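J.: Sequence:
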Amino acid sequence: MAKIKVTKVKSAINRTQKQKRTLEALGLKKIGQVVEHDATPNILGMVNKVKHLVSIEETK
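Position 15 of the sequence shown, counting from 1, maps to 15 under UniProt numbering, and the rest follow consecutively.
Please keep in mind that the hints were generated in silico from the structure rather than gathered at the bench. Everything hinted at is true.
Ranges of calculated distance between the beta carbons of each label pair, as one might list FRET restraints:
#1 Lys3 - Lys29: 16 to 22 Å
#2 Lys60 - Gln17: 33 to 39 Å
#3 Arg15 - Lys60: 29 to 35 Å
#4 Lys60 - Asn14: 32 to 38 Å
Remember, predicted model here, so these are calculated numbers, not experimental data. Don't be surprised by glycine CBs; every beta carbon is placed ideally from N, CA and C.
Whole structure, please, built from the sequences with the hints as guidance.
T.: In structure tokens form, the structure reads like this:
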């Protein structure tokens, strides 16, 4: 299965509680933090909801 690297690039201050919880569920707490996930529909949907706060890179 394909993997993706998700990097938090913007702060969650002044964002909705839902977006803050989505970032936390992805494992992102600090700006610049990188996590790797499988590219499942669940994860891709979560990343899509906070795409303005993160950057995504596909890995193999």
